[in-house]
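Using the sequences and the accompanying hints, generate a full structural model.
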Amino acid sequence: MNNQIESIQVLGSGCPNCHKLFVTTQEAVKQLGLEVEVEYITDIQEMLNLGIISMPVLAINGQAIMAGQLPSVEQLKEILQEGLTEDEEECGCGHHHH
Amino acid sequence: MNIFYPIELLASRLTYSVFRIKSETVLAESVSFFIFDTIKIMLLLLVIIFVVSFVRSYLPPEKIRKILSHKNKYTGNILAALLGIITPFCSCSAIPLFLGFIQAGVPLGITFSFLVASPMINEVALVLLIGLFGWKIALIYVISGLLISILSGIIIGKMKMESLVEPFVFENKINANFKLLKMTRRDRVIYAKNYSLEILKKVWLYVIIGIGIGAWIHGYVPADFLAQYAGADKWSAVPLAVLIGIPLYSNAAGIIPLISVLTEKGVAMGTTLAFMMSVTALSLPEFMILKKVMKLRLIIIFASVVGLGIMITGYLFNLILK
Chain P
228 MNNQIESIQV LGSGCPNCHK LFVTTQEAVK QLGLEVEVEY ITDIQEMLNL
278 GIISMPVLAI NGQAIMAGQL PSVEQLKEIL QEGLTEDEEE CGCGHHHH
Chain E
5 MNIFYPIELL ASRLTYSVFR IKSETVLAES VSFFIFDTIK IMLLLLVIIF
55 VVSFVRSYLP PEKIRKILSH KNKYTGNILA ALLGIITPFC SCSAIPLFLG
105 FIQAGVPLGI TFSFLVASPM INEVALVLLI GLFGWKIALI YVISGLLISI
155 LSGIIIGKMK MESLVEPFVF ENKINANFKL LKMTRRDRVI YAKNYSLEIL
205 KKVWLYVIIG IGIGAWIHGY VPADFLAQYA GADKWSAVPL AVLIGIPLYS
255 NAAGIIPLIS VLTEKGVAMG TTLAFMMSVT ALSLPEFMIL KKVMKLRLII
305 IFASVVGLGI MITGYLFNLI LK
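These protein sequence lines map, in sequence, to chains P and E.
All letters in the first sequence, in the order written, are residues 228 to 325 by my numbering.
All letters in the second sequence, in the order written, are residues 5 to 326 by my numbering.
To be clear, the hints were calculated from the coordinates, so they are not data collected in a lab.
Note that the coordinates shown come from a computational prediction; the quantities given were computed from them, not determined experimentally.
Hints are supplied without guarantee of correctness; some may be wrong.
[Unchecked claim] Calculated pairs, SDA-like style, for lysine to any residue (alpha carbon to alpha carbon, straight line, at most 25 Å): (1) 269(E) x 206(E); (2) 206(E) x 96(E); (3) 205(E) x 300(P); (4) 186(E) x 253(P); (5) 177(E) x 304(P); (6) 67(E) x 268(P); (7) 304(P) x 185(E); (8) 186(E) x 61(E); (9) 295(E) x 244(P); (10) 304(P) x 196(E); (11) 296(E) x 241(P); (12) 183(E) x 290(P); (13) 186(E) x 269(P); (14) 164(E) x 291(E); (15) 206(E) x 55(E); (16) 77(E) x 150(E); (17) 304(P) x 288(P).
[Claimed, not checked] Here are some of the chain P residues that sit facing chain E, going by a computed Cβ distance under 8 Å: (18) 242; (19) 250; (20) 259; (21) 263; (22) 269; (23) 272; (24) 276; (25) 279; (26) 280; (27) 291; (28) 292; (29) 294; (30) 298; (31) 302.
[Claimed, not checked] Simulated restraints on C-beta separations: (32) 241(P) x 171(E): 19 to 27 Å; (33) 247(P) x 189(E): 20 to 28 Å; (34) 172(E) x 301(P): 39 to 47 Å.
Glycine residues also receive a C-beta, built at the ideal position from the N, C-alpha and C atoms.
This is the structure in structure tokens:
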């Protein structure tokens with residue numbers, strides 16, 4: 228099972244909170260020493276196609292994991308670390324993206 | 005028993021013992037009015053926003069869309085207006101909401117019911133209304149707001165205005181049955197905490213300035229001073245209040261404390277209600293943003309239908325609440 232964070236996206240309309248989440252995510256990535264680029268996507272349609280309406284959206288490997296929230300750097304670090312270690316155990320529904 | 009009694013006690017203690025302002029003066033009354041209102045409103049905001057956003061974490065817009073996409077009109081309009089109450093709104097979220105609803109098959113009229121109720125009936129306005137005008141006026145505001153949202157949506161739905169929506173909107177179809185993001189109890193508490201603090205940070209200055217000016221007017225402007233300009237018998241005051249309210253959206257938090265005092269000085273209650281509804285429901289920045297997804301004609305129809313509903317409410321309560 229691949230639990231690697233291969234890419235991180237912040238999606239929204241470019242609203243003030245979207246940009247804040249982008250900057251905070253970059254900071255969290257830096258502090259964790261991850262070698263991933265954070266993408267900032269301001270085309271609303273891409274966010275809508277992920278099934279999300281509430282901005283801003285945080286996605287890992289193209290999959291939305293949080294929406295409509297503005298977590299702190301510390302909270303984001305926790306979320307990203309969970310993303311690194313989280314295994315199949317709680318889910319088992321087979322979400323594999325390549 | 006008044007639950008705000010301890011705050012009242014604190015306010016007069018601060019005014020007379022700490023600031024040493026001579027009692028029974030206009031200044032003393034204004035200062036203690038200011039301290040009391042500020043503490044009361046801030047506490048109410050903190051508690052109510054926290055509770056509402058905790059509840060909201062169970063009903064995010066994605067879930068609301070799922071519910072509404074299966075509903076027919078009338079039931080759909082009513083549900084949309086009710087669900088609009090707990091959904092926060094800023095002009096920048098109008099476009100994703102509109103696209104996200106329409107592309108998932110929520111009918112145009114139902115989407116509009118939601119778009120009217122969401123900014124009009126929000127927890128910040130509600131707290132200020134309860135704190136400054138009391139339960140009765142707050143309830144009147146909510147019920148009239150719901151009726152306006154439901155009816156505007158039904159009217160726009162009946163008018164079959166789909167041709168006035170930009171064609172690109174319909175090009176993309178989204179399935180409304182997306183799996184919702186998982187949230188633990190702890191996630192929800194953190195969300196509610198972050199959200200309440202964020203809102204409080206955004207509005208506290210407006211609220212304090214609003215209450216401050218209000219306290220000053222409360223003490224220094226004679227009662228009934230405004231009755232000659234905006235009393236119940238002044239018919240032109242209602243449409244004027246609606247027009248003035250349109251550009252004031254971003255400052256709703258500061259405006260409600262201000263107008264609570266204007267009411268005290270003689271502005272009729274219906275006119276006050278119409279003004280508040282216009283401030284929250286009709287917003288110039290939102291209209292300009294909506295231009296990206298719909299023709300100007302639809303925006304004008306939308307604003308006129310809602311504006312008319314607000315004016316009728318204003319006149320109605322000027323007649324009833326004497």
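Note to self: Next pair to validate is residue 269(E) with residue 206(E); report whether the Cα-Cα distance is within 25 Å.
What the structure shows: It is violated: about 29 Å lies between the C-alpha atoms, which goes past 25 Å.
Item checked: Restraint outcome when residue 298(P) is required to lie within 8 Å of chain E by C-beta distance -> Holds, because the Cβ-Cβ distance from residue 298(P) to chain E comes to roughly 7 Å (cut-off 8 Å).
Next item on the list: So, residue 280(P) near chain E? Judge it on the closest CB pair being under 8 Å.
Entry: This hint holds: residue 280(P) lies near chain E, its Cβ roughly 4 Å from the closest one there, short of 8 Å.
Check: At a threshold of 8 Å, is the proposed contact between residue 263(P) and chain E supported by beta-carbon distances?
Finding: 21 Å, violated
Checklist line | Restraint status (C-alpha distance of residue 304(P) to residue 185(E) at most 25 Å) | finding: With Cα atoms ~19 Å apart, residue 304(P) and residue 185(E) stay inside 25 Å; holds.
Notebook entry, point to check: Does residue 292(P) pass the interface check with chain E, least Cβ-Cβ distance below 8 Å?
Noted result: 7 Å, holds
Margin query: Check the hint pairing residue 67(E) with residue 268(P) against an upper bound of 25 Å on the C-alpha distance.
Written below: Distance ~23 Å between residue 67(E) and residue 268(P) Cα, so the pair holds.
Notebook entry, point to check: Should the hint that residue 259(P) touches chain E count as held when the rule is a Cβ pair under 8 Å?
Noted result: 19 Å, violated
Check: Between residue 304(P) and residue 288(P), is the straight-line Cα distance small enough, at 25 Å or below?
Finding: 16 Å, holds
Notebook entry, point to check: Given the hinted pair residue 183(E) and residue 290(P), is their alpha-carbon gap at most 25 Å?
Noted result: Holds. Residue 183(E) to residue 290(P) sits at ~11 Å (cutoff 25 Å).
Item checked: Range agreement (Cβ of residue 189(E) with Cβ of residue 247(P), hint 20 to 28 Å) -> With Cβ atoms ~26 Å apart, the hint holds.
Note to self: So if I understand the rule, the pair passes when the alpha-carbon distance is 25 Å or less; does residue 186(E) with residue 269(P) pass?
What the structure shows: 24 Å, holds
Of the numbered hints given earlier, the model fails hints 1, 5, 19, 20, 21, 22; all others are met.
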